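Kindly produce the complete structure, drawing on both the sequences and the hints.
There are 2 protein chains.
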Amino acid sequence: MSDSQKFTISCHQCSLNGLCIPTSLTFDEMDVVDAEIKRAKPLQKNATVFETGDKFTSLYAVRSGALKSYTLDLSGEEHVVGFFLPGEIIGLDAIDEGQHPTSIKTLETSALCEIPFDQIEALSKKIHNLQTYMYKLLSKEIREDQQLHFLLSKKTAEEKIGTFLLNLSGRYKDRQLSPTLFRLPMSRTDIANFLGLAVETVSRVLTRLQRQQVLKVDGKEVEILDHNQLCLVAFNECPNG
Amino acid sequence: MSDSQKFTISCHQCSLNGLCIPTSLTFDEMDVVDAEIKRAKPLQKNATVFETGDKFTSLYAVRSGALKSYTLDLSGEEHVVGFFLPGEIIGLDAIDEGQHPTSIKTLETSALCEIPFDQIEALSKKIHNLQTYMYKLLSKEIREDQQLHFLLSKKTAEEKIGTFLLNLSGRYKDRQLSPTLFRLPMSRTDIANFLGLAVETVSRVLTRLQRQQVLKVDGKEVEILDHNQLCLVAFNECPNG
DNA sequence: CGGATGGTTGATAGTCATCAAGATGGGTGG
DNA sequence: CCACCCATCTTGATGACTATCAACCATCCG
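If you're matching them up, the sequences are chains A and B in order. Numbering follows the working numbering, in which position 78 of the first sequence is assigned residue number 78; successive positions increment by one, without gaps. Numbering follows the working numbering, in which position 137 of the second sequence is assigned residue number 137; successive positions increment by one, without gaps.
None of these hints come from the bench; they were simulated from the model. Everything numeric in this text was worked out from a predicted model, so none of it was measured. All clues stand as given, with none of them false.
Identical chains share a label here; the pair holds if one copy fits it or two copies do between them.
Pairs of lysine-lysine residues, derived as DSS-like cross-links and limited to a Cα-Cα distance of at most 30 Å, are as follows:
{"id": "1", "residue 1": "K154", "residue 2": "K55"}
{"id": "2", "residue 1": "K55", "residue 2": "K105"}
{"id": "3", "residue 1": "K55", "residue 2": "K45"}
{"id": "4", "residue 1": "K173", "residue 2": "K41"}
Listed below in structure tokens is the structure:
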């Protein structure tokens with residue numbers, strides 16, 4: 001198999017699994033899009049993809065692994081902005097100013113697809129669904145940020161952590177992975193930082209939920225034992241009544 | 001002057017002041033865009049523009065006034081998601097799902113331009129700068145939400161309110177209004193709700209900042225007396241060293 | 001004038017941060 | 001292969017910030 005063939009195949013996977021463009025691109029259109037997506041580049045744990053202030057040229061689709069985005073304030077304190085799992089797109093916050101407002105680091109060995117943004121701009125004028133996809137992708141991020149806003153401003157520590165776990169669970173489920181048994185790719189410190197809590201609080205809540213038979217926690221391994229109860233903790237409500 | 005002429009003129013203002021498309025549309029292109037923007041519709045105080053779950057068809061550019069977006073949780077509690085001032089665009093969070101995740105109410109008499117989204121989609125394939133503008137607009141919102149995330153998860157009540165006031169100040173300044181003397185269009189309750197604080201805390205912080213000669217507060221009228229000091233309160237830092 | 005809404009002020013209590021110390025565990029080098 | 005070490009995590013004790021409860025004041029409007 002020639003190198004360019006492998007490339008095309010890997011990039012078809014990008015379109016289908018990585019970029020997740022959901023519908024109705026023709027195969028020809030997919031080829032055009034794929035041709036612009038650069039080969040996935042593998043990165044070790046703790047590698048920096050880009051840093052605050054770096055020039056923005058490309059979006060990145062996560063193929064495998066997990067990453068965090070963060071900023072540093074003047075006193076050097078880290079602020080975790082979000083986490084990225086396979087299938088998610090990195091860099092949407094950088095389009096506006098042409099430089100990245102956040103830094104990105106891998107939390108474990110990861111692979112990314114680089115997608116030059118000027119190509120997206122050019123192609124999205126020709127391929128209607130790609131433009132629609134981009135608008136929806138950006139809009140979805142805004143909507144999710146609003147939910148996060150609610151989480152951070154109104155919820156207790158227990159609700160925050162419950163919601164966080166359910167969110168991760170849902171994202172794993174979307175990727176055909178187990179929604180009840182998974183591994184936290186990030187440290188307790190990162191979780192605490194992201195949720196605006198102290199590490200100690202995260203630790204305490206997790207052990208409390210474990211004592212209550214809602215979770216089983218072993219280091220980074222988490223098993224959701226009682227999904228309904230976890231929903232109650234997170235939302236004060238339960239999907240089945 | 002014919003009705004259609006008036007329409008065009010009002011809509012040129014939309015492009016320049018309302019939509020704030022910053023650069024390089026030709027006059028012909030502006031005419032095309034403007035032709036699709038519906039006449040500003042005036043709304044009284046406390047009017048509902050749309051509600052959670054309503055079908056999404058248009059974005060709205062604020063021409064005058066002020067609005068808030070909010071959701072209601074199951075117990076009927078309101079959660080204020082954000083505020084909109086003249087020149088800002090409402091509805092970006094609705095593109096993804098095709099229905100509005102939030103409700104919008106006017107905080108005072110306001111006027112909006114309705115911009116059908118299918119027209120934006122169609123035109124942004126023809127007019128490069130419009131597509132770029134839309135990408136940047138959406139991206140900017142994401143970036144600002146990240147800053148809000150930081151505000152809510154890490155800052156104290158005083159820092160939150162200081163930052164909130166400076167944010168408003170900046171937005172008024174962008175609109176050629178006084179950045180030091182302005183009127184809060186929203187109630188203390190809305191501010192508290194938005195920032196994840198109790199009304200009492202907002203009230204206390206405002207009076208404290210007034211005692212410290214940082215602000216002058218009279219009901220909804222606010223005057224920033226000591227901008228540097230307010231920056232210190234908000235960010236622990238001061239623009240001039 | 002009186003009720004309603006919104007805002008301010010005071011007293012108390014609860015949640016969570018902070019400080020401190022111990023436990024666990026993964027990685028490295030001897 | 002083991003021992004050590006550093007980072008991460010957990011657990012406990014204390015205290016601070018801010019929510020809550022309660023009362024009072026101002027303003028608006030019928």
